[in-house]
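Trainee: Could you build the full structure based on these sequences and the hints that come with them?
The primary structure of each chain is shown beneath.
Protein chains: 2
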Amino acid sequence: MITEAEQREAQGYAAERLGAAGIVLTDEEAAAIEVADFGLGRLREIGLQILVYVNTDRYCAKELVLYPGQLCPEHRHPPFDGTPGKEETFRCRRGSVELWVAGDRIPLEPGEQFTIPSDTLHWFQAGDEGAVVSEFSSASRDDLDIFTDPRIVRAPRVAENPT
Amino acid sequence: MITEAEQREAQGYAAERLGAAGIVLTDEEAAAIEVADFGLGRLREIGLQILVYVNTDRYCAKELVLYPGQLCPEHRHPPFDGTPGKEETFRCRRGSVELWVAGDRIPLEPGEQFTIPSDTLHWFQAGDEGAVVSEFSSASRDDLDIFTDPRIVRAPRVAENPT
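Going line by line, the protein sequences match chains A and B. Take 44 as the starting number for the first sequence in my numbering and just add one per residue. Take 44 as the starting number for the second sequence in my numbering and just add one per residue.
These are calculated hints, taken from the structure and not from any lab test. Do not rely on the hints blindly, as some may be mistaken.
Where chains are identical, the list cannot tell them apart; a pair therefore holds if satisfied intra-copy or between any two copies.
Listed next, the in silico SDA-like pairs over lysine to any residue satisfying Cα-Cα at most 20 Å (straight line) [what the hints assert, rightly or not]:
1. 105 x 118
2. 105 x 153
3. 105 x 173
4. 105 x 58
5. 105 x 70
6. 105 x 117
7. 105 x 132
8. 105 x 65
9. 105 x 119
10. 105 x 67
11. 105 x 199
12. 105 x 157
13. 105 x 154
14. 105 x 187
15. 105 x 182
16. 105 x 141
Mentor: Here's what the structure looks like:
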């Protein structure tokens, strides 16, 4: 769980990093940036900031923003609705990211990309400058993601304000 | 048909415009930018520059670059291989573009986007500053595109050098 203040701060960081990468957002998009701590309460170490441009029942496009050293924990995208599960292409825009796919290390610098097959275990971690990564994929169903660490809760929960 | 010089010049223009939008390309990507004159030989008026990031059998992502006032002529993406045809989302990054979808005018400024249903007639034209437009879509099969103008040839042809 994260606090509203943590969520706002991470949204602000992500919007600033996207802007520095030349990406123009509407105010509504900046306010809708998802901040995921995976239920572990250690956002700056294990977490992800996500802007979803579009997610139809056929394809999806997102921007992922990571703090320096921030890590998205190992998971896979299983088959659903008769499809083989989400296939996704990561393209590094700014900073750097180290992607691990089925045990292989794939370092990505700006302008480099890699396509992760469906239903394949992967995790990734930003380098010292953080990272902005575009994700192009088939339809996204984050609620179906299967994480290796059983403590993980994918849907972000934000603590309610004390009243 | 375009000449090799026209092709090189348009590739250089597109690479420069993508760079100005903050998009980092590899040298191989810059050299692979597609220059389409639709067989009409009036590239600056009717044409398109295209960088394909990825095109799997499930999804596709491209950048489209247009010269000021350049127009991509009316076409649709028909059903194929048991799919309803290509569905695509245009997101304006720089400049401006006027999109026409089934007779409706949809002007797009940076940060604005629109999703075009499959098998639906559409065309678009850049504003006075040209445009950089991201395209997110289901799988792309440009060779199947159906253009309203029967003179159009989708696959670019480049004149061979005189020897």
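Trainee: Regarding residue 105 and residue 182, is the shortest C-alpha distance of 20 Å or less found within a copy, between copies, in both, or in neither?
Mentor: both (11 Å within a copy, 17 Å between copies)
Trainee: Given identical chains, is residue 105 near residue 118, meaning Cα to Cα at most 20 Å, within a copy, between copies, both, or neither?
Mentor: Only inside one copy: residue 105 and residue 118 sit 18 Å apart there, 27 Å across copies, limit 20 Å.
Trainee: Indicate which option fits the pair residue 105, residue 173 if close means a Cα-Cα distance not exceeding 20 Å: within, between, both or neither.
Mentor: within (17 Å within a copy, 25 Å between copies)
Trainee: Up to 20 Å between alpha-carbons, please classify residue 105 paired with residue 70: within, between, both or neither.
Mentor: Within one copy only: 16 Å inside, 25 Å across.
Trainee: How do residue 105 and residue 157 come out at 20 Å by Cα distance, when the copy is not named: within, between, both, or neither?
Mentor: Both: 15 Å inside a chain and 15 Å across chains, each within 20 Å.
Trainee: Please sort residue 105 with residue 119 into within, between, both or neither, judging by C-alpha distance up to 20 Å.
Mentor: within (17 Å within a copy, 25 Å between copies)
Trainee: Since the copies are identical, ignore which copy is meant and state whether residue 105 and residue 199 lie within 20 Å (CA to CA) inside a copy, between copies, both or neither.
Mentor: within (17 Å within a copy, 31 Å between copies)
Trainee: Go through the copies and call it for residue 105 and residue 187: within, between, both or neither, with a Cα cutoff of 20 Å.
Mentor: within (17 Å within a copy, 27 Å between copies)
Trainee: Checking an output row: residue 105 and residue 58, CA cutoff 20 Å. Within, between, both or neither?
Mentor: Within one copy only: 13 Å inside a chain, 23 Å across chains, cut-off 20 Å.
Trainee: When no copy is named, should residue 105 and residue 65 be tagged within, between, both, or neither for a Cα gap of at most 20 Å?
Mentor: Classified as both; 15 Å inside a copy, 17 Å across copies.
Trainee: Check residue 105 against residue 153 for me: Cα-Cα at most 20 Å, and say if that holds within a copy, between copies, both or neither.
Mentor: both (16 Å within a copy, 16 Å between copies)
Trainee: Taking 20 Å as the upper bound on the Cα-Cα distance, should residue 105 and residue 154 be classified as within, between, both, or neither?
Mentor: This pair counts as both: shortest intra-copy Cα distance 16 Å, inter-copy 13 Å.
Figure legend: structure checked against the earlier numbered hints; every hint is met.
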